[in-house]
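Colleague: One-letter residues, chain by chain:
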Amino acid sequence: KQEVTQIPAALSVPEGENLVLNCSFTDSAIYNLQWFRQDPGKGLTSLLLIQSSQREQTSGRLNASLDKSSGRSTLYIAASQPGDSATYLCAVRPGNTDKLIFGTGTRLQVFP
Amino acid sequence: DTGVSQDPRHKITKRGQNVTFRCDPISEHNRLYWYRQTLGQGPEFLTYFQNEAQLEKSRLLSDRFSAERPKGSFSTLEIQRTEQGDSAMYLCASSLVDSTDTQYFGPGTRLTVL
Chain B
32 KQEVTQIPAA
42 LSVPEGENLV
52 LNCSFTDSAI
62 YNLQWFRQDP
72 GKGLTSLLLI
82 QSSQREQTSG
92 RLNASLDKSS
102 GRSTLYIAAS
112 QPGDSATYLC
122 AVRPGNTDKL
132 IFGTGTRLQV
142 FP
Chain D
2 DTGVSQDPRH
12 KITKRGQNVT
22 FRCDPISEHN
32 RLYWYRQTLG
42 QGPEFLTYFQ
52 NEAQLEKSRL
62 LSDRFSAERP
72 KGSFSTLEIQ
82 RTEQGDSAMY
92 LCASSLVDST
102 DTQYFGPGTR
112 LTVL
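Top to bottom, those sequences are chains B and D. Going by our numbering, the first residue of the first sequence is number 32, and it counts up by one from there. Going by our numbering, the first residue of the second sequence is number 2, and it counts up by one from there.
Because the hints were derived from the structure by calculation, they are not lab data. One or more of the hints may lead you astray.
Reference excerpt, derived from the structure (chain D facing chain B, CB under 7 Å, subset only) [stated by the list, open to error]: (1) GLY43; (2) ALA89; (3) GLY107; (4) GLY109.
Beta carbons are placed, not taken as given, at the ideal position from N, Cα and C, and that holds for glycine.
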């Protein structure tokens, strides 16, 4: 059974810091991995999707990497801003299904 | 706005009542998903459709839950005889079956069962 874990559960950093959020999954047979952002009480916004054959994806200040063999992904946020404050969720799509399996998220607070 | 929309955004009901939620996907997307999210947790898969066919249902989807997508466009999720444990955010997502198959989520419907 695929399980997704995110560490840390919460993170508080001053503005301008570079930071790394971690995601691990137990079964390496995945189709893709997706990172989402969720603001309090809101839906999910897709940030980056990495196919199983890819190693990383970049969008602006965000970079996500994937090491399928070790069951790990990281989301790197450069030069963090208060507007980055949100919960970041990692989700994997197993290779034999179309649903997403989510971690419990990392709650990020960036203070001025 | 061409994103996924959900209605209502909030629903408060008494235990034992029936509720129905609606999801309108991005217009050209042929897949539609329902997830449930409780406080402090990640979303959990409930069911999904490809066009009008319901292809997979989670064991979380008890007999009190039913979902439809009659014309392959919008979808409804009905909960009968609601229980306090049904209180959660119900999220809908849609995707286009292509090389990326990215799921795009709606704003969710927050259900509170008193």
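Colleague: For a quick check of understanding: which of the numbered hints are violated here, in increasing order?
Modeller: 2
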